[in-house]
Each structure stands twice: as structure tokens, then as C-alpha cells.
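Put the complex together from the two separate chains, hints included.
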Amino acid sequence: MRLGKKGGASKEMIEQVPYIVLTVVVMALMYFLLSYYSSVTIDVNPIQANLFLYRALYAPSIISYTDATTGRVFPGVIDAADFTSERLDQAFKYDYEKQVMAKFEVLDPVSKNVDKTAYFNGEWYKRLEPLAKAGIPGAAGARMYEKTFPITYRNGQWSFQKELRVYVIIPN
Amino acid sequence: MKGKRGDAGLSLVMYALFEIAIIAMFLAASFMKVNAAVNDQTYYQRFVARDVAMTVDAMQSAEGDFNILYSYSTPKPSTLDIVLRKTMIEVYDSKQRGNDNKIPISFLFGYGGNVSIEESILEHSDEKRYYGADQEEFFATAFKIRKYHGNVSFVQVEEGGDGVR
Chain B
24 MRLGKKGGAS
34 KEMIEQVPYI
44 VLTVVVMALM
54 YFLLSYYSSV
64 TIDVNPIQAN
74 LFLYRALYAP
84 SIISYTDATT
94 GRVFPGVIDA
104 ADFTSERLDQ
114 AFKYDYEKQV
124 MAKFEVLDPV
134 SKNVDKTAYF
144 NGEWYKRLEP
154 LAKAGIPGAA
164 GARMYEKTFP
174 ITYRNGQWSF
184 QKELRVYVII
194 PN
Chain G
27 MKGKRGDAGL
37 SLVMYALFEI
47 AIIAMFLAAS
57 FMKVNAAVND
67 QTYYQRFVAR
77 DVAMTVDAMQ
87 SAEGDFNILY
97 SYSTPKPSTL
107 DIVLRKTMIE
117 VYDSKQRGND
127 NKIPISFLFG
137 YGGNVSIEES
147 ILEHSDEKRY
157 YGADQEEFFA
167 TAFKIRKYHG
177 NVSFVQVEEG
187 GDGVR
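Sequence order for the protein chains is B and G. Heads up: take any position in the first sequence, counting from 1, add 23, and you land on this note's numbering. Heads up: take any position in the second sequence, counting from 1, add 26, and you land on this note's numbering.
It is worth saying that the hints were derived from the structure and are not from the lab. Since we're looking at a predicted model, the values are computed, not measured. Where hints are given, some of them may not hold.
Straight line, CA to CA, 20 Å or less: simulated SDA-like cross-link-like pairs of lysine to any residue [said to hold, decoys possible]:
1. Lys116(B) to Asp77(G)
2. Lys112(G) to Asp112(B)
3. Lys121(G) to Glu149(G)
4. Lys112(G) to Asp118(B)
Using C-beta positions, here's what the derived DEER-type ranges look like [to be verified]:
5. Ile129(G) to Lys121(B): 17 to 27 Å
6. Ala91(B) to Ala88(G): 34 to 44 Å
7. Gly124(G) to Asn178(B): 53 to 63 Å
A virtual CB, placed ideally from N, CA and C, is assigned to each residue, including glycine.
Isolated chain G (complex conformation) (with noise of 0.2 Å):
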């Protein structure tokens, strides 16, 4: 039979159980933001979303035909797969692939006017191991953003062209 110590005993353990389920929580929601924010992949679709979008903004702010060569580099694959939308640039975490629920990073660009936009897909396969003159190896993707009579779209690079593979 519990007396009055017992009974303020168990409310002391009820206290503490209550305090770590609570710091446990704060921990783990933590732990999971600081990754978030300081995961590489993140930092890239952000990156690569909002620069090819702008590019794409400024392309069709200009008249005549462009034909950019885009590239970027990591020192891990990235597995990106980048979307032309008709509206934006979403960029995807390839791993996800398959997912209905997969979440994309993206980025607006104005649309309208005399220029049309080309529904592309750049899948995360195009890209290339590289070995640099450190023999450090790094991680390299180009592609071709293109503006011809009025149209915008991704072009993949073919192998061994433009000197870029």
C-alpha cells in the first residue's frame, strides 16, 4: 500500500517521463530540420530551380533565337531530374521517382506573350562522372536551353558534341 511518499514518487516519474517525451520530440524535430537545411540536395534543387527559371525568364525577355549551354557540377551525383513546365521549373530528388507524392522544389517564371513553352524532362541519368586534374572525381550535367522561333525547351547534349562530353 503506497502512502504519501509513493503517491509524490509517481508524480515525480510521471513529471520526468512527461519532460522527456518532450525533449525527445524537440530533438528529433530538430535533428530532422538542421539535415534538411544543411543536406546538399536540398541546397541544389533550390539553386538549380531558381537559376534555370530566371534563365528561362530572361530568354524570353529578349527577341531572336538562343541557345544556352547549361551545366553544373557536384562533388556528389546529385540526382536531379529538372522539369520544364509550362509555368515553372520543378525540380525533383530522382530517388523519389516513382512516388505519386513526390514533392518538387520549383520556381515561377512569367509566361505569356510571343513565347510559347516546351514541356521537357531532364532525368538525373544524364549525368557524367569526371575526373578533375586533382583526380578528385566530381559530378557533371549539361544540357541545352534553347529558344527557337518563339519556343523554349530543354535539349539534351549527345555524346562527344559542343566538346562538353
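Pulled out of the complex, with its shape left as it was, chain B reads as follows (with noise of 0.2 Å):
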């Protein structure tokens, strides 16, 4: 069947969609990569990982053993019954719930056996942990970042000689 003027014309514009398609696409490519390497990106993301742990190990009433009367802290110094996920959760808190997430695991300095966990801000801990840990980079990933303390542990009447192993996630 054949075209008439009407039919060629549009034929001959249709022809040209794809091209047009194949621009855009290589514009926004273009423009992505653009994007992804010209961001300032000012990356604090250590120095954050470092101070939650310093504020978690030194501010008074988290984690360390605090001197009800003095109000001194004995950084190092862990009671078990202070070292739990609600005492973490309810110290501090960040405004955006993805901001920093951690995992805290006493061990035994020997064996590395795992006495107790606690977790700040666990729920989103739990989720980002696997990406943390496939190293995924971009928005959607995070990085972890690990430390190990030696500590005096005290349950109750006894004290124990332990080490305390943080693991920090940062959202990128």
C-alpha cells in the first residue's frame, strides 16, 4: 500500500523518534555522571562514627558507671545492668532516625566469646547492616566502622576484665 503526502511526512518524523530518544537518553547519562562526580560532598562521616562513640563511652548516664553522688564518670568502667539497648536509645537521640546506628558486644578478651549486646537505635542497626557490610556505595549504602575497647565489666559484686566492640553504621 502506498503512502500518501500526508502518510510520508508523518513516516519520515516517526523515523526520527528514535534518534530523539537515543539523544535524551545520552543527555541524561551525561547528566548523571555530571551529578555524581561534581557534588561537594564534605565527608565527616569518621569523625561522626568517632564522636558517638565518645559521647556513648564518656557522657555521663549511658553506658559508663556513673558516681551517683559525685556525678563523675569512669569511662571503661560497664555495669551490666546499665549496658542495655533502652538505656542507649533513650541517652541520646538524633532527629532523623537514619542519621547513626550501632551495635555494642561485650566480649571475652580470650575466647571473643559474646557475653552481652546492645544495640543504639537497633531497628534501622538490623536493616542497614548488610549493606554496611556488602560495602554498597551511593545513597542507598552505608559504612561501618568498628572499634575495640578493653573494659572492667561489673556484674553485680564482681568485676571481669572484658573488652567492649562497637561497630558504628553511617548512612552515606
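Laid out in C-alpha cells, this is it:
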């Protein structure tokens, strides 16, 4: 069947559509690459992780033993009764729930068996831990920082030499 | 009356116009993106928001009172309005003052515990012009971040005080 004049013009216009679509795709890809590499990112995640740890260990009435009379904090002296997720979550918060999350483990220094675990923002920690471990880059990923400290762990009237291992996750 | 060549020419012109429009849109978007990325103002806003928020976070971590003199200098007027909120630091471009839809660059710090935050605003009009040893001018702002009896706030530095101005 032969196309008329109008049909011929439409056909030629339709033939251009793939080229236009291809141009749009190429431009969009170039814009994406430009955006990805030109963003001014000030990476403060490692400092943020350290600040979080510093606060959890040194601030009064969180996990380190605090003398009720003098208010003095004994960093590195951790009472089993104070080492709970509830206490960590109540100690301080961030306005955005995906800002910082952490897992605290009390370990035996020799066998490395975990005696007790507590979470800060545990729900999001468990969600983002696989992403952080996989090292997925970009906005959907997260980074994990690990630190271990020697501690004195008090359980009732007994004190034990233990290690505190902390995993802090900061989303990208 | 147009023939086949006329129809082909029209579709070619339409195609060229589409291409030009798409390329123009791409260039405009790219220039805006690059301009925002290399703009000093955006960088200063991001830097100051993070730096001050983390300073406030660190102050809340330890016991006792603090009085930190925080200052920064820039080669051009930076026009930053720094706002201490209950949960974050917001940094505005003061040129947007009076604009209800102004968007800050913000950074969160941890809040709660035994420390309270007193909301404070530091406006860029506090910025002063200085001249370095090589007579190059620069602009500097200084203020104090104070933690006193478990209360964190911004405090203006007074003229002639602390040897800053």
C-alpha cells in the first residue's frame, strides 16, 4: 500500500523518534555522571562515628559507670545493669532515625565469645548492617566503623576484664 | 504546494529543533549543577553546618562547662546566618532573609540526656572586614559556643573582648 503525502511526512517524523529518544538518553546519562562527580561532598562520616563513640563512652549516665553522688564518669567501667539497648536509646537521639546506629558487644578477651549485646537504634542497625557489610556505595549504602576497647565489666559485686567491641553504621 | 522533498525537509527541521531544545536543556541543567557545586557559598554553608554541629555534639559528650571561641575567615563575604536549633545546626544564605521558602543546609547532632539546647541565631552582619599582612582583605566571623550548667548556646563576641575584634 502506498502512503500519501501526509502519510509520508508522518512516517519520516516517526523515523526520527528513535534518534530523539537516543539523544535524550545520552544527555540524561551525561547529566547523571556530571551530578555524581561534581557534588561537593564533605565526608565527615569517620568523625561522626568517633563522636558517637566518644559520647556513648564518656557522657554521664549512658553505659559508663557514673557515681551518683559526685556525678563523675568512669569511662571503661561498665555495669551489666546499665548495658542495655533501652538505656542507649533513651540516652540521646537524632532527629533523623537513619543518622547513626550502633551495636555494642561485651566480649571475653581470650575466647572472643560475646557475653552481652546492646544496640543504639537497633531496628535501623539490623536493616542497614547487610548493606554496610556489602560496602554498597551511593545513597542507598552505608559504612561501618569498628572499634574495640578494654573495659572493666561489673556484674553484681564481681568485676571482670572484658573487651567492648562497637560497630557504628553511618548511612552514605 | 509541498512535494515529498518539502515533507522530508519539514521533518528534518522538526528533528533539528527537538535536538536543539534537548541540548539547550541539558546545557542549562549542567551549568546550574556545576555552578552550585563550585559556588563557595554552598561549600561554606555545608562546612560550617557540619563543623558547628559536631562541635556541639562533642561538647555534649563530656562533663563540665565549655566556652569555645569559634571563628572562620573567608576571602569574600560569606553572608552566612547560623542557627542553633534544638536538634540541628541550620546555615542560611542571608541573601534569602525574608524569603519564607528559604532552604537551609543543616546537619544534625545528638540531643537529649542531661544537656539542653538554647536556640540561638548568629547573623552574618556580625562579619567583619580585615586586612592581612600582605594587605589582602578577608572577612571573619567569631562567636562563642558555650555549655554552661548543661545548657548549650551561641554567644556573640563583644567588640574588643577576648582579643578577637
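Report task. Would you pick out the hints that fail for this structure and give their numbers low to high? Result -> Of the numbered hints, just 6 does not hold.
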